[in-house]
Amino acid sequence: MIKKLSILLLIIILALSWRVSQSRSLSLHFVDEEDHLAGADLINHGYKLHERIQSNHQPLVYFGSAVIQKLTRPDNIFMLVRLTRLAMFAYGALWSLLLVGRFSWTGLIFVLFFEFLKYGLLGNLLLMESLAVYPAVYLFGVFLGGDKPRLPELLFLGFCSFLIVFNLVPLWPWLGVIWLVWLIKLKSKIIYPIISFSILSLLLFSFYSPTAWFKETIYNNWLYAIPALNQIKTSLDWQKIIGFPFYSFTTGNSMQAQFIRLFFSGYMLAAIFNWRLLLLYPLLLLANNRVLSPGSAYYEGFHLLPWLGLMIAVFSYCLTKLKLKFILPLAVWALILLLNKNMPYFGKTDVDYEYFVNYSTIDDFNFAVKNLTLPGDRMAITANQPLVHWQTGTDLATRQLVYYGWEPNVPELKADYERVFYGDNPPEIIYGNDEPVLLAEKYVNIFRYGQPTELFIRNDRFSQITDSQWTALATRGFTK
3 MIKKLSILLL IIILALSWRV SQSRSLSLHF VDEEDHLAGA DLINHGYKLH ERIQSNHQPL
63 VYFGSAVIQK LTRPDNIFML VRLTRLAMFA YGALWSLLLV GRFSWTGLIF VLFFEFLKYG
123 LLGNLLLMES LAVYPAVYLF GVFLGGDKPR LPELLFLGFC SFLIVFNLVP LWPWLGVIWL
183 VWLIKLKSKI IYPIISFSIL SLLLFSFYSP TAWFKETIYN NWLYAIPALN QIKTSLDWQK
243 IIGFPFYSFT TGNSMQAQFI RLFFSGYMLA AIFNWRLLLL YPLLLLANNR VLSPGSAYYE
303 GFHLLPWLGL MIAVFSYCLT KLKLKFILPL AVWALILLLN KNMPYFGKTD VDYEYFVNYS
363 TIDDFNFAVK NLTLPGDRMA ITANQPLVHW QTGTDLATRQ LVYYGWEPNV PELKADYERV
423 FYGDNPPEII YGNDEPVLLA EKYVNIFRYG QPTELFIRND RFSQITDSQW TALATRGFTK
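Residues 3 to 482 (the numbering used here) are what the sequence shown spells out, left to right.
Read the hints as simulated data drawn from the structure, not as lab findings.
Every residue gets a Cβ at the ideal spot worked out from N, C-alpha and C, and that includes glycine.
Among the clues, some could well be false.
As the list claims (entries may be wrong) - Below are the DSS-like pairs computed for lysine-lysine, each with C-alpha atoms no more than 25 Å apart in a straight line:
1. K372 - K72
2. K187 - K323
3. K50 - K217
To be verified - Label-pair distances were calculated between CB atoms; the ranges are:
4. L341 - F209: 48 to 54 Å
5. W20 - T481: 38 to 44 Å
6. F275 - S106: 18 to 24 Å
7. D354 - H47: 27 to 33 Å
8. S190 - S106: 27 to 33 Å
9. E414 - E443: 25 to 31 Å
10. K150 - Y283: 23 to 29 Å
11. S208 - G452: 52 to 58 Å
Work the whole structure out from these sequences, hints included.
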């Protein structure tokens with residue numbers, strides 16, 4: 003009876019989450035997701051990730067997107083984004099089934115909160131954090147349970163670790179501690195997750211360069227990206243990281259902070275009766291080494307997604323350690339928050355309007371490039387909108403698909419950029435206005451509705467545009 007009830011509640015939660023996911027399927031375009039989508043398209047056209055395509059991101063998010071695009075074959079950006087978001091919902095739903103099937107009510111409580119809070123941290127987008135959080139929660143659930151897993155689950159834990167390692171480097175310290183404890187507890191049985199992890203890693207590196215992976219995602223990250231992007235710069239910042247959940251009690255009216263306040267209060271209440279639970283706090287600290295405020299959401303807070311998932315998992319576990327008289331006030335508190343009008347299932351979203359605001363301009367420029375190019379043309383997109391490159395048939399001008407601010411610090415990337423942009427044969431097409439002198443001397447701006455744009459075509463190629471091409475471009479407002 004209890005099992006049937008949990009399945010029924012899960013179906014209701016996922017049905018409601020499906021409604022939210024569809025209403026937000028074209029909301030909040032983000033350069034990281036678009037990098038993964040455009041990079042996956044290049045992979046499907048023969049480009050080698052981290053060799054011909056430069057990126058400091060881990061590989062599975064690109065390969066996952068490449069598989070999605072191979073299977074769904076979207077023919078426009080509208081369908082590309084919608085089908086990708088649909089795949090992300092299916093990914094989360096599958097993990098939700100696994101979590102409830104394995105952990106019963108604690109898994110269901112996790113799904114109840116996480117499925118609706120993830121939207122505030124872009125958890126419905128194809129991001130590394132979105133892919134890593136579910137296997138991390140599964141691992142943590144097994145870790146918290148204390149019972150020794152059987153052989154099939156030991157092998158599955160290796161699979162979960164594989165998903166974390168090749169999706170999200172910032173979770174490595176947390177995962178390392180989990181594995182260290184398992185090494186002590188499982189002893190010789192630790193070989194089974196090691197075997198499954200090793201087999202999957204060997205399969206990955208059978209078609210993908212391990213040296214390129216190390217150089218791009220470990221070496222370059224450690225030496226160049228992290229120093230430039232690290233938000234933790236002062237002792238006060240470290241204080242905010244160490245005391246992160248405590249700051250939820252002083253973080254304004256943020257809905258996210260209010261939920262964190264609930265989860266952390268439940269955890270601390272349980273720790274009063276079982277001090278060993280305090281040992282989980284350092285593990286939670288390891289899961290967040292980038293976000294300073296519990297109220298940070300969307301583009302500012304998406305790195306917090308794995309931590310939030312693990313915090314909810316801890317809260318769910320701690321409820322099993324509390325007596326009913328303590329659970330009831332927490333349940334009332336949770337119900338009040340879940341019924342808040344700002345929760346995503348109470349909102350109404352016009353999907354067509356969201357597409358117009360977020361993607362119609364990108365789609366128009368993508369259309370323009372498709373109609374302007376000749377075989378062999380190269381394009382550089384310096385405007386942080388890599389989706390313009392999707393299925394245009396153009397080659398990358400340099401190894402960079404996205405030109406992030408920290409990348410000129412990498413000597414070989416800087417040399418490659420200068421060779422291409424300042425040499426005798428700059429890219430035929432540039433989208434972005436970061437090189438005003440070069441653009442003024444060697445390029446013609448493509449106008450749209452009588453206004454200048456960020457689309458430029460080299461002088462010699464501009465003269466080759468035919469009348470039929472201009473006729474096609476005019477359907478989207480582009481003119482000479």
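Right, here's what the structure says about each hint:
In summary, the hint linking K372 to K72 is supported, as the alpha carbons are separated by about 20 Å, within the 25 Å threshold. Simply put, K187 and K323 have alpha-carbon atoms about 22 Å apart, close enough for the 25 Å limit, and the pair holds. A distance of roughly 14 Å separates the Cα atoms of K50 and K217; the hinted pair therefore holds under the 25 Å criterion. L341 and F209 have their C-beta atoms about 49 Å apart, which keeps the hinted 48 to 54 Å range intact.
In this structure, W20 and T481 meet the distance hint of 38 to 44 Å, their C-beta atoms being roughly 43 Å apart. In this structure the hint that F275 and S106 lie 18 to 24 Å apart at CB holds, the actual value being about 22 Å. Checked against the given bound of 27 to 33 Å, the beta carbons of D354 and H47, roughly 30 Å apart, stay inside it. One distance hint, 27 to 33 Å for the beta-carbon pair S190 and S106, holds here, with the actual separation near 29 Å.
For E414 and E443, the hinted distance range of 25 to 31 Å is satisfied, since their beta carbons lie about 26 Å from each other. One distance hint, 23 to 29 Å for the beta-carbon pair K150 and Y283, holds here, with the actual separation near 24 Å. For the hinted restraint 52 to 58 Å between S208 and G452, the CB-CB distance of approximately 54 Å keeps it satisfied.
In summary, the structure agrees with every hint in the numbered list given earlier.
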